[in-house]
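Student: Below are the chains, spelled out letter by letter.
Protein chains: 2
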Amino acid sequence: MKTWEVETPAILVDLDRLERNVRRAQAYCDAHGIRFRPHMKTHKTPEIGRMQIAQGAVGLTCAKLGEVEIMAAAGLSDLMLAYPVWGAGKLRRLTAVAERCCLTVVFDSAEVADAIAEAARAAGTPIGALVEVDTGMRRCGVAPGPALVDLCRRVAELPGLTFRGLMTYQGWQNGPTDAREAQMRAEGDRVAAVLNELSDAGLTCEAVSGGTSPGLFFAHLAPAITENRSGTYVFNDRNMVSSGAATWDDCAMRIAVTVISNAVSGQIVVDGGSKTFTSDATPGFDGFGRFVEDPELTLWKMNEEHGYTRLGAGSPPRRIGERLHVIPNHVCVAMNMQDEIWVHRGDEVVDCWKIAARGKLR
Amino acid sequence: MKTWEVETPAILVDLDRLERNVRRAQAYCDAHGIRFRPHMKTHKTPEIGRMQIAQGAVGLTCAKLGEVEIMAAAGLSDLMLAYPVWGAGKLRRLTAVAERCCLTVVFDSAEVADAIAEAARAAGTPIGALVEVDTGMRRCGVAPGPALVDLCRRVAELPGLTFRGLMTYQGWQNGPTDAREAQMRAEGDRVAAVLNELSDAGLTCEAVSGGTSPGLFFAHLAPAITENRSGTYVFNDRNMVSSGAATWDDCAMRIAVTVISNAVSGQIVVDGGSKTFTSDATPGFDGFGRFVEDPELTLWKMNEEHGYTRLGAGSPPRRIGERLHVIPNHVCVAMNMQDEIWVHRGDEVVDCWKIAARGKLR
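These protein sequence lines map, in sequence, to chains G and E. Residue 1534 in my numbering sits at position 355 of the first sequence, with consecutive numbering throughout. Residue 1395 in my numbering sits at position 216 of the second sequence, with consecutive numbering throughout.
Accuracy of the hints is not assured; some may be wrong.
As the list makes no split between identical chains, a pair holds if one copy fits it or if it spans any two.
[Stated by the list, open to error] Derived SDA-like pairs: lysine to any residue, alpha-carbon spacing no greater than 20 Å straight-line:
hint	residue 1	residue 2
1	Lys1480	Gly1254
2	Lys1181	Ala1371
3	Lys1480	Ala1361
4	Lys1181	Glu1290
5	Lys1181	His1399
6	Lys1480	Thr1461
7	Lys1480	Arg1318
8	Lys1533	Gln1517
9	Lys1181	Gly1268
10	Lys1480	Gly1463
11	Lys1181	Glu1501
12	Lys1480	Ser1458
13	Lys1181	Arg1202
14	Lys1480	Leu1490
15	Lys1533	Asp1518
16	Lys1533	Gly1245
Keep in mind that the hints were calculated from the coordinates and are not lab data. Quick caveat, the model's predicted, so the values are computed rather than measured.
Given the sequences, and given the hints that come with them, work out the whole structure.
Tutor: Pasting the structure below:
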């Protein structure tokens, strides 16, 4: 089967580029002694998780319990759930899956710590724990200081939990290279100061999880962060190119679309809209994706199934039925809109993988 | 089971409100002699489609072929596919599903008309057709004039297709009531002029499809538009309230979320982000949804699984584990993010419906 025979809108993944991205990131982490635990939220696909492990990743990071369940069922054995779990039903699921894999959870409150510890104790399944520290992104996490030390101590003393260390959320590193280097060094310094405070309190961290794809190749500048959980690097996207962390040639995922109308002058409509691309924007770029065949095309507006695409000054006209390929703004959310990816080498489709953890919100 | 026992993030649908919305819209259409063919893209759920038919809808409108297949398999028998179909595989699926239901398709080009006609002829399954006219929204559709008349004539003469009339896309009607009434009357005048042109050419339209939920209750002001395909009215959302077409009490769909962090001062984080709400904005409102329990809460920023929620000046603090309910900006896209809806009367969950046509992009 050829790539142009896949019905659109469809996700195409260039296997050569994907493998190259996975190898390059792993080689970087290996060279710097960073334990790599990539975030599976980007691909949501067991086949790619196994590829990351085969290259040397120590395990995977998941965002939701349902993703942990999918990855554990697929044989991935060392999983981190970087998200607070709450509620009786989820705690039952958590302890059940903890029996099938080596599981570490993350949270930022005594309430969540106590509840997970009690469930783990009752089930006789100890669970590893990282405490989330807020080093400035103001999402989740306890700010450095006595409250953070107290929470870590509580976790270390709670039967049912094994205190393993910290998690920090680094968000985006944008801007020129020297600014991003400085940002990463400052993050490392903040984490090192927290580790000193914890050490003074007699608490040892065997792991500190951090990282984000735009800053992946700067991670060695923050040696206090021992584990990296970047995700987007496997495919890259318009956000990654915008941040300076990838080139268009590094983009392994494209969405194939078809021109379904050219009746309005100066415009074509493609068969993907917000249900295909999502409405996520990219700083510094107009519209919702980059057309590989003609970067002058602008996907400037969408309804759910309609992509309003403006022709550029130099754009050739496009026929009804013509296929085009778009690199989305944000690949993680676009992956969540479809049930499978078509994997190809050159123009030959070599496999179709189910995005098994798509839509696992709980 | 009680609503508060459903794991979050989850879609809750208030059955009393849903039934009231369905009845009110149908009663309006009946009173004005408008054939109601609601768009199923909002609910994507056979149970709700059957409810609409039971109340008197003549059929359903679908956006993609995969949605037609789901609804036909669920026993819905009169379906309109308001979207151009292209490609050999899709044409095979189109003629196959046309054998199981009364099917009307919509397009705006001779290329699509010819391809569908040929497939229908080869399969021995005639298919009804509307030609899309662009009355000013500049999405799809041929502008009024000789080219439109030519395309309609071509369709009327093509074996395999049955020319049934026109479709127009009305988009949003916002603004004060008198402006919306004027907009609807002008739309009716434009369509009437096109019908005259077609009549002069000997072409009769048995159906003109139009409509959009924000303008639903103004539809009688455009009598040339004989069928209405509004969709969002079943649930309503923040966009509908913003447009003036619904009240908060008309909103039948809410997303239940749980507070998973309150570590950062002035903020809580809920367990739904862009993978739950999507990044669709609403004109005139900040953020990504309205919190039922406290409209002063602002869901101002999201990551995929994190909803950054700012407390208002009068907001009470929120505990970890507390459940809140959010009316999303755009209910159609939020419905596409989950696999099922929890249907309740009062706080009693009475059913769980699979969103069977979720993610049917092709």
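Student: So, for every hint listed, does it hold in this structure?
Tutor: Here is how each hint holds up against the structure:
1. Lys1480 / Gly1254: neither (41 Å within a copy, 35 Å between copies)
2. Lys1181 / Ala1371: neither (52 Å within a copy, 47 Å between copies)
3. Lys1480 / Ala1361: Result: close neither inside a copy nor across copies, 37 Å intra and 26 Å inter.
4. Lys1181 / Glu1290: neither (53 Å within a copy, 23 Å between copies)
5. Lys1181 / His1399: neither (41 Å within a copy, 50 Å between copies)
6. Lys1480 / Thr1461: This pair counts as both: shortest intra-copy Cα distance 14 Å, inter-copy 15 Å.
7. Lys1480 / Arg1318: Answer is between; shortest inter-copy Cα gap is 10 Å, intra-copy 30 Å.
8. Lys1533 / Gln1517: Both, since 9 Å and 17 Å are each at most 20 Å.
9. Lys1181 / Gly1268: Classified as between; 14 Å across copies, 45 Å inside a copy.
10. Lys1480 / Gly1463: For Lys1480 and Gly1463, both the intra-copy (16 Å) and inter-copy (19 Å) Cα distances are at most 20 Å.
11. Lys1181 / Glu1501: within (15 Å within a copy, 51 Å between copies)
12. Lys1480 / Ser1458: Both: 9 Å inside a chain and 14 Å across chains, each within 20 Å.
13. Lys1181 / Arg1202: neither (26 Å within a copy, 49 Å between copies)
14. Lys1480 / Leu1490: Intra 13 Å, inter 32 Å, cutoff 20 Å: intra-copy only.
15. Lys1533 / Asp1518: both (6 Å within a copy, 16 Å between copies)
16. Lys1533 / Gly1245: both (15 Å within a copy, 18 Å between copies)
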